[in-house]
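There are 2 protein chains.
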Amino acid sequence: MAKKYQVLGVGNAIVDVIARVDDSFLEEHGSEKGSMMLVDSAQSANIYNSMPPTEEHSGGSAANTMAGIAGLGGSAAFVGKVKADQLGSIFRHDIKAVGVEFLSAPAVDGPATANCMILVTPDGQRTMHTFLGACVNLSTDDISVRDIAEADVVYFEGYLWDMPQAKKAFVEAMEIAYEEGSQVALTLSDSFCVGRFREEFLDLTKKHVDILFANEDEIKALYKVETFDEALSLVRKDVAIAAITRSEKGCVIATEDHVVTVAAEPTQVVDTTGAGDLFAAGFLFGHTRGYSLKKSGKIGCIAAAEIISHVGARPIEDLAALVKKKLND
Amino acid sequence: MAKKYQVLGVGNAIVDVIARVDDSFLEEHGSEKGSMMLVDSAQSANIYNSMPPTEEHSGGSAANTMAGIAGLGGSAAFVGKVKADQLGSIFRHDIKAVGVEFLSAPAVDGPATANCMILVTPDGQRTMHTFLGACVNLSTDDISVRDIAEADVVYFEGYLWDMPQAKKAFVEAMEIAYEEGSQVALTLSDSFCVGRFREEFLDLTKKHVDILFANEDEIKALYKVETFDEALSLVRKDVAIAAITRSEKGCVIATEDHVVTVAAEPTQVVDTTGAGDLFAAGFLFGHTRGYSLKKSGKIGCIAAAEIISHVGARPIEDLAALVKKKLND
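As they're listed, the protein sequences go chains A and B.
Per the numbering used here, the first sequence starts with residue 1, numbered consecutively.
Per the numbering used here, the second sequence starts with residue 1, numbered consecutively.
None of these hints come from the bench; they were simulated from the model.
A quick note: this is a predicted structure, and the numbers were derived from the prediction, not measured.
From the three backbone atoms N, C-alpha and C, an ideal C-beta is built for every residue, glycine too.
Everything hinted at is true.
Partial selection, computed: residues in chain B whose CB lies under 8 Å from chain A: (1) Y48; (2) M51; (3) T54; (4) E55; (5) H57; (6) Q86; (7) L87; (8) V98.
Model the full structure from these sequences, guided by the hints.
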């Protein structure tokens, strides 16, 4: 494990546009609570125009995970497409500022940098409307063999499968990772995303994925089963490591031989955006350092608890110091 | 007082770019804590590149005040210049979303929408670096006689005086306000701004200003005196109402006949950005409703306490409900 990056993330490069709303706002706009919906530019404008005042934070699922790994003191790189516009500058600034290598050149033309309008309800849940913008131009050219070879783990977000023309590039990258001795990790992103690509995700999981991240709903949706235990017994046959989050019940890490559970860290929930992303950051940071599944899962839970205690999906506290303190408690 | 707007604000239309830094960051960049410095695009890029990850919020001093008045349930309009770019869209969205009428057309060319890089130190103090961008193109054409005539109070921020070519427009607008029976309010913005324009501000104060907002440092700088009491006795001769904030000591409202003091609202200071802006919002909201100086000052203190309890200079809580509750306590 002496590669340049502990983790190379591939994902959508997105600026989050965050507002607090009541549940009635979701009803008025036909938004399913907790989901991520794709919107075109007209739908995007329509929702934005009716949104309360917002605040903007860099986001993107895999990008948040890479920011988390860097915040923990790890080495991370990110591949994702922005345009050379104001939001693109903000995205690039923020990911570099936290210490992540940003490996993609911004697009000079085409659609604007992606944004995700995140509606946070009083229960802390987030409902997302994503305009993919420049992300749709992510291609094979953006993912170099050399970068993949330099990563212990190459991490893909399920949301990437919303871009039909780029899927081939991701599968190629997974194959290169295998050849170069890098592990492949995938997060299922959300249960609606699993619904859109169930067959593809199952196929990927069996053929290419070493480490699968999912929450309880997502893993049940992937295997079309009713209970968590059924899903767990199935996923253990398909991947080397399954890291499953269960909200306030903490997480379950399963391999063929072992099942480890870790309790959730107590915290006050303000905004659940990024909980799964930061769990993955903590777990991957620990795993690529050679820590046990239990300790890696614990770091994941600590990082997730930090992120849900404030607005925005990138850490505010010094994660490395926080983990050090919590592990010693 | 049956005009369309309680207050029409004229100011710089700015998106805030906020990061938490240690005091050492200010020292390394030669930034004077608590000040607002103007930067050109090269200096702006230089500071931004060394800043930690940021979050973006709509800002601008007078714009924050108008947002506060709307949040209190009042009627407000804003004049300020953005460009037709992504940050300009964010600024326009946020001020309209809170219920303020935004009266200025965005510029189609010229410099980008203004930004203010705000460095928040652990003591909650903010140090600002402003790139004025599109604001420099604010002109007489943007301030219509009709809009001024429809406001009980026309409110100007001192920072406007950083734009040499537009000063004539502001003085004209003040004269129109007088003719149309609208009161003129001015905030001195900060003591460095007073330093840049002391003679002009003194002249304006004597000739055109009905309501002057300042903090203790600013009012002492305006009159070049050592003590608050000296400054207070001088300002009472120059304006109908002086509303002076004194941080944790609350505020003093002075007229020729009366001096009223109001205690600060207890709160936990996270980020002092916008404290003066929201005090002005609360005071002007009360004053234009015909409330007493004491009650108006109290509403100002309540609004200021809300804003310093979180990051960002626009209210998060329902200010109208908060004021109702606090006034009944």
